[in-house]
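2 protein chains.
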Amino acid sequence: MNINGVPHRTIWLAQDADGSAIVWTLDQRKMPHFFDFIALKSSAEIIVAIEEMWLRGAPLIGAAAALGFYLATTEIDKNASDWREQITEIAEKIRASRPTAVNLNWAIQRQLSILAKAKNLNEAQNFAQQTALDIVEEDVEICKQIGAHGLSIIEAISNQAPDKIVNILTHCNAGWLACVDWGTATAPIYQAHDKGIKVHVWVDETRPRNQGASLTAWELGKHGVPHTIIPDNAGGHLMQQGRVDMCIVGTDRVTRNGDTANKIGTYLKALAAHDNNVPFYVALPSTTMDFELQTGAEIPIETRSEREVKYIQGLHEGTLKEVLLTPNDSPALNYGFDVTPAKYITAFITEKGICTAAELLKIMND
Amino acid sequence: MNINGVPHRTIWLAQDADGSAIVWTLDQRKMPHFFDFIALKSSAEIIVAIEEMWLRGAPLIGAAAALGFYLATTEIDKNASDWREQITEIAEKIRASRPTAVNLNWAIQRQLSILAKAKNLNEAQNFAQQTALDIVEEDVEICKQIGAHGLSIIEAISNQAPDKIVNILTHCNAGWLACVDWGTATAPIYQAHDKGIKVHVWVDETRPRNQGASLTAWELGKHGVPHTIIPDNAGGHLMQQGRVDMCIVGTDRVTRNGDTANKIGTYLKALAAHDNNVPFYVALPSTTMDFELQTGAEIPIETRSEREVKYIQGLHEGTLKEVLLTPNDSPALNYGFDVTPAKYITAFITEKGICTAAELLKIMND
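Heads up: the protein sequence lines correspond to chains A and B, in order.
First residue of the first sequence? That's 23 in this note's numbering, and the numbers climb one at a time after it.
First residue of the second sequence? That's 23 in this note's numbering, and the numbers climb one at a time after it.
These are computed hints drawn from the structure, not numbers from a lab.
All residues carry an ideal CB built from backbone N, CA and C; glycine is no exception.
Straight-line C-alpha distance at most 27 Å; calculated DSS-like pairs for lysine-lysine:
id, chain 1, residue 1, chain 2, residue 2
1, A, Lys343, A, Lys52
2, A, Lys100, A, Lys139
3, B, Lys52, B, Lys343
4, A, Lys220, A, Lys374
5, A, Lys343, B, Lys343
6, B, Lys365, A, Lys365
7, B, Lys115, B, Lys63
8, A, Lys343, B, Lys52
9, A, Lys52, B, Lys343
10, B, Lys63, B, Lys141
Chain A stretches covered by chain B per the calculated footprint, using a threshold of three residues with CB under 8 Å from any CB of chain B:
id, stretch
11, 232–241
12, 353–359
Please take these sequences and the hints and turn them into a complete structure.
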């Protein structure tokens, strides 16, 4: 999407001055206050970037993993007889860099099955590069299709009244910063905005890591989409007041019955939407489906450091400072995700179309 | 309650070195990082303390207003013939210092009706002092009674299993820091803890002003009550996981039908409690009832500065620093309260006993 009018992607493959392959990405840790494109020059640097969340978001992690796999193939001594084992070893390290990310596992698996067909290292490099680039382009295309399908929902609300502003609530960042371009939850919003439909986005700040207040607000602002940041506590009241026309969120994992894991707090917004007859949509690429799991009860929920609750980083007199928010000796608990039961989800917006939980398996398998 | 083993109150009347009346209170703006008792030496200083939230919480604001009214009576020239008008004028300024605070209005009204009986300034001073001290002591007694009634609920859960730890979720700060002592929502918790019942409190951080993470966590910690700070987003997941036995919150205003205004985000927790069969209690002194209003739709909801969402204060290398959390040019919206419909409230815990919404008018009028 646009940054100050110039189209950008979150990740792309390039060549270093010496001709070696490098991966460019955005360092999202300092956003929204500073934004830097950084060059990742090795699979080890890709692993650090995933582990330390320089980049985040399921599709972007998948793309980074696929590109990291390609970098790995360029790091092997061309005379090594165990090149296949060496690549596989690095692939497993990439896979372990963010254990709950389904797309990461999927991207590595796809690369490994193509690696199996390579007869030599040179072929392995070519296959891995092409697969990584395919994954990147496919992600852009998938998000674009999610956008096209979701656009119809926004358009229908917009048509309810002349000059209607469609108020859309979103949680966390399922935006282009989490993907390669367009985003998942934001794709319909960008397409509606680009088409001239009046939209306004309520951006949940999304404690404790504030991906909404920092990333979603940033990307909407840079693309020129009207938006307002709200505390996570406010969405219920806004829905009671009739100030939300629809919710769209992304997801980290959807089980066969439609139960949906997403950033902690999503479930509370789904409850409020249900209580106030506000439609609640989950946008997802089919790669986010986890066909192995029957229901949300089987989804493991990551617990992260309590430090993310007790401290926060922000801008103070031009530099980033981390401040303590709580009594130093009070413990904190930091769940990464929660599970929204399928019954609270109006529909899923996928690259293959819009469907209910009951139709999910069919549309995803088509 | 105790601060490191020493019993304290949040506000009390004392004499300055020159014999003039002063009011001591806690400056809650720097908490939990620093805590200072400060002397308020005039009604004007009381007004500033209420306006700028050095002190907050409906009952504490009421007590401060009553004491401020008494200070006002000591500030009038003893030869002034219009002493009654002068006091009334200051009283109206105190009343206007936090327009949505029901207890403030109630305390000023009570002082004014007693002022009407005073035959001279000296009598007005005596009456105002006694009324202020009565309001302070009554608040302590009311909170103690709320605690005694609520204790029975905690005790019943504790008795469900040997060594059962009762997990209680609370939102914002309806603790002793919001009252004179005990608190409203926390009173049952303190009484259970003091009785040796095993309790553990999930403390919602309560964005944007973080009264939970800063004040509730601080006061529970200082009194020795086990607790864990959680992001506001986490409560729903904890309830889904069966890790919450009950919720208790305070309230700023309850209407005749039992609809309950409380800190923004309370409604979301009530929805989650309802969805997971977790009992949801509202603790309130009868002074918080607003008999003028039929339902929550009539409650005006205060909108506060967007700055409270965009910036946050915390401790950095030993000093308080305010940091920017959002893109500088993104707007934010900051509602102070939301309304929880009576149907989501299991029962009200009042100084007169425990009752449902349907029984509220009867118990409060008894």
